[in-house]
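Guided by the hints, dock chain B onto chain A, whose structure is given.
From first to last, the protein sequence lines are chains A and B. Here the first sequence stands for residues 0 to 200, numbered as in numbering that gives the first Met the number 0. Here the second sequence stands for residues 0 to 649, numbered as in numbering that gives the first Met the number 0.
It is worth saying that the hints were derived from the structure and are not from the lab. There are no misleading hints in this set.
Where chain B lies over chain A, by a calculated footprint (3+ residues, C-beta under 8 Å): (1) 8 to 14; (2) 145 to 152; (3) 182 to 189.
All residues carry an ideal CB built from backbone N, CA and C; glycine is no exception.
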Amino acid sequence: MKQVIVHPERCVGCMQCMTACATAHSTAKTLIGALLEEPRPAPRIHVGAGLEDEGFPNRCRHCDPAPCQLGCLPGAIYRAKGSNTVMVDYDLCINCASCAMACPYGVIRFAQDPKAPPGKTVAVKCDNCVDRQAQGKVPACVETCFVNALTFEEPTAAMKRRTSEVAASISLDMAAQRVPLSATWDLQTEMKRRQKALDQR
Amino acid sequence: MGANGNGHKKGEFSITQDAQAMLAKAERDQVETVWDRFQAQQPSCGFCETGLSCRICAMGPCRIDPFGEGPQKGVCGADADIIVARNFARMIAAGAASHSDHGRDLVETLTAVAEGKAEGYGIADPDKLRALAAEWGVEVEGKDELALAGALAYAMEEDYGMRKKALQYVTRAPAKRQEIWEGLGITPRGIDRETSEMMHRTHMGVDNNWVTILLQGLRNSLADGWGGSMIATDVSDVLFGTPQPHASQANLGVLKEDHVNIAVHGHNPVVSGTVLQSVEKEEMVAAAREAGAAGINLVGLCCTGNELLMRAGVPQAGNHLMTELILVTGALDMMIVDYQCIMPSLGEVAGCYHTRMISTSDKAQFPRFDHREFHPETAQGTADQLVRDAIEAFKNRNPDKVNIPVEPMDQITGFSIEAILGALGGTPEPLLDAIKDGTIRGAVGVVGCNNPKIKHDYAHVTLMKRLIENDILVVDTGCAAVASAKAGFKNAAAKEWAGPGLSKICDAVGIPPVLHLGSCVDNVRILTLLSALANALGVDISDLPVAGSAPEWYSEKAVAIGAYFVASGVTTHLGPMPPVAGSMNVVGLLTQGLEEHVGATFAVEPDPEKAAVILMQHIEAKRAALGLNSREVPEALKAEAAPAPAAPVA
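Isolated chain B (complex conformation):
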């Protein structure tokens, strides 16, 4: 029996060596993982898969028969189009709410810093603070750094409300794009307002035009991309530093057998950044040595891992589907989580080992975790105590259960837009020239999650390999970024994977063919970069030879990101099918109809080999439309076995 394909062995659930080794150990240790639970859920409900079930009100729940014989309307009278549109729009609302609430926590921290109430936090990038203050129209004259931070935070708080006709960051988009949004009536006004209105409109008896429901979905997503997420990224840069290129490493091999190993998991640097300061304190290192360890080793998981990796080069242990498996190493002494994408199963897995599990956010608790709430006023003390507890936990580690399966893979990370422009000599011209003459065909942002429906990391790695070998520059974030780092696409040797043109640029600029732009809120760095490129060329974002892709997405946040990419003019590929097949009208609008309105659509293709062709054809078509040289893309790229994980660099 196998989930995810009958007769599959557990080792085949992932293409990565560390996951395969830990899946085998999990079976020996009788640990249940996400793949076991996925199997137990099969077959999944077809009403839910197609978006045809509705639980919005208590006259229901309702479902529509996709075969046309059973009920075709819910109790309220909503048909398949309305039900599917409402469900999809609510996914966007949940995703936008998650990113934006994350951003809110950062704005609150910035306020606390300004008021002198946040020990352990400060202004790490005063230049960016001043630049943002100017952008936000904050009076700079006569204000010191802290006063400026307070005024900026106040201005950002206004964007969460209802005082404005448009969010501040909308002005970062090319003028043509802003006109499109105005024309469609989807310019985002308030970050929370759009989510709130989305929930209102999908309440029974409000908006029952599936087109306008979806348009509000796009506006809601724009309030995330050009609002909550963008604030999250920019304020994180101010508080913790704007990323610059760093050498680091990835995969479970970053754990050290002779060290106290602490992992941070979740999304917000407010917690993980403080933990980083604590583990670096001399007294902590001394305490670890006293306990028999060689030192303290902090590693990251998922997006809070990406935040630390981007800014401080903290090694990245793994992405979403690795978060149970890192516990199976038996070498992790403590996992500290904040929120988002933290599987509620983790506490139970940790129960098989000695790992201390810590939750830190007042809004996110988990079974079998110790809850140690972080607040800006007391964060440093809380973090110090946690590190001491991790050292205690190290003493309970059972050496017989420890298995660190691989050597770490080297990677270079930290490519904020500021860093990319720096590498290019302060201007996007060299990149534009390379795109214009065809040395680089275009660029794709490969982003998003893992999903047990897809062999772990297979789609990320296969797609990125195909793109870079065909001279398409890849920028990545989130779980996709971990997959590519583990595959070796981000180290000094990685240009070997790239086609001749891209390889030449890698040499000239000194960058890998896949650039790490950060966590999932950092997808907005892509929006900012594309706006700069479009403005430099005097065109709209939708004219650029670029695309987006979420080959292994699973979360509502990914739907919000996909929607703001598309609404911003970036055609976006999704691997797994979103729950919209129940309405051919909704499918048609998302995959075709949006083109004439926003200049971009969604494309769904589970197979990354075929997705690579779709994305390349899209890029070549955009090149042709811009009058740049363009070439035929064969329907099937050279047939080759799926890429094996690259040999680790010792």
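So that you can see chain A by itself, here it is in the shape it has in the complex:
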């Protein structure tokens, strides 16, 4: 089954996945329309800054067993039938935040949502864009990611590609130098690294 796979080394930190995610979870499904909505739709993916202020897209791993599901006493969190997606039943959710405390990745937030009872704050998290997938679309974060830091594919395919990359890097250079991804990104990363090195003095 296809999953969203994160390739952090490719993230350029543009945060476009966040706006695309919020838009996908709005009623309007357009950016401008979403901005005019009340409640304002919330992103389920969050781009954080790493040690060198590089971007990292943080999203739900849909763990199995899922600590959030185990911690949810009202039983609002469940795994959708026929998929690996961990979902929240907004009617049962009591906004107690036990799931957020249990989540090792900090990807459960609390907000009002167009699909929840009006005025009720509920746990919101990645739903793998089930609605979009039902329409034959890929998840919104993947669609908007121009640099393929997020891909939607069979995990086996991604792992095979990774294995090939590692193998190629070893065969290309016995010193095990990695294959340069992009001259542009290597230069930009190098300059940022030098900039950050100054701070560590």
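Showing chain B alone in chain A's frame:
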């Protein structure tokens, strides 16, 4: 959590004691600063950082995938080279427009003076007026000062237009340099014309050769350096006086607890010069005393501060990243701003204190400021009223919130080219001799801004310290100049920081090892000086053992300055990486390819220790090429901890 390095404490955002103290107070007072907002912006968008995003037209916005798998062309078909070149060129255009519009305001003021419509302004340097009139080919015969001013202003207005094949000031450059510009087709023709053409060429579907886009970028920058900025500096000298050496002071310690404190912030002396006249009026001082103050204390910030400092010795309170922190002292009664580099956050910071915030330019307004527009016809009255309002604000000052954290640092300032030549006895020969025999290895202009990406003032101070201790004369302007003054590189004791050769020259001529040349438009004083030196030696600017550096730059204006330095033959170091990494072709041209065409390139190196080595190697190579004695520069200069801020001179 820390911006700018994880786990950093706020006190580590700056090397200066006054900033560290005010950052701690800002945290107690719950004031948000530029560093908080910088942190909130991380990670910054990699498309924008590399120059690979394009918002020029509405078929887009577009971006190019730097990894090569996603889109490699915008909707119009522009590739990474075109997009990066267009974005960089538009930065130059914005910078050139800013300096040149500043210059235009001065020319308009000169016109108003000539027409007798500008109370409070006059001709402060009639000698310079006459010299400029002669240079500009203005008929001098039978004209009084005001008529001459009017005719000069008229001639300068022509340089803003399209009547000419070359700007007047181009003739100040060495003949070889002018030939290079002609050969490349980058001789600037009209100040506004080049900016206008730059915007035209980067419109969708016009110039799509990344090389010619960048060449027009250079021409646009030359229209700034040898046009708008040069006019700004020269007309400012005519209206407000050509700077001469003055003793003054720097850092937040220039605020006085028992005085009404007024700060001027921005760039144009048209406003700050008038405020200076107002605070000196006896009736104003009497009113301040009546309100319980000991007097009125005018201080400067950023470049308008540099303008007043250079000409009148008005103390300099701080540079770009100090403009929020000066409000945190709780001791500032009024801040009067004109334009450029004024953070829109200032009004909100001032809301935590009693400080009155005043905007003055018809083209620059800010949230939570009172807008009091300055016009030459009414400037004096407007300034008088503002000073009265500042005295009123003083009465609202809350003594419990006041903290002036340091004692001021002494500095000597005011080194216009005229003043430098004066100190040398009227001729550049002594300076040239010292360079020829190697007593001084060369000179570097350290200029530009602050940037929260770099620990405040760290790069300026570290680089300048390394250069002067290795016998390289430093001239500085803008925010860099404030950093060096605060570090103590510009007072009588500063020669202790200098190497033996430079120290000897400092003693002989009676100058500090770092010479303050003024504000950021005053970078053109460097061009004028280098032209004079090159002409005296019969060489081009690119042959001289000199370099430029903007170790903490942030603004589009700095890009324009860097570009006109390079196009004029001065190899220029940049600290922060400009947004060009998206195109290796553009990077290659800027950092290598330009060498064979203009005899200079950009060099990017965030670390000032390494930058010092790069600049010294460059200077020694230029010395060797001139047949002067030359020495090896070790790859790493002696390893020493980053310089602590010098102890303030009480």
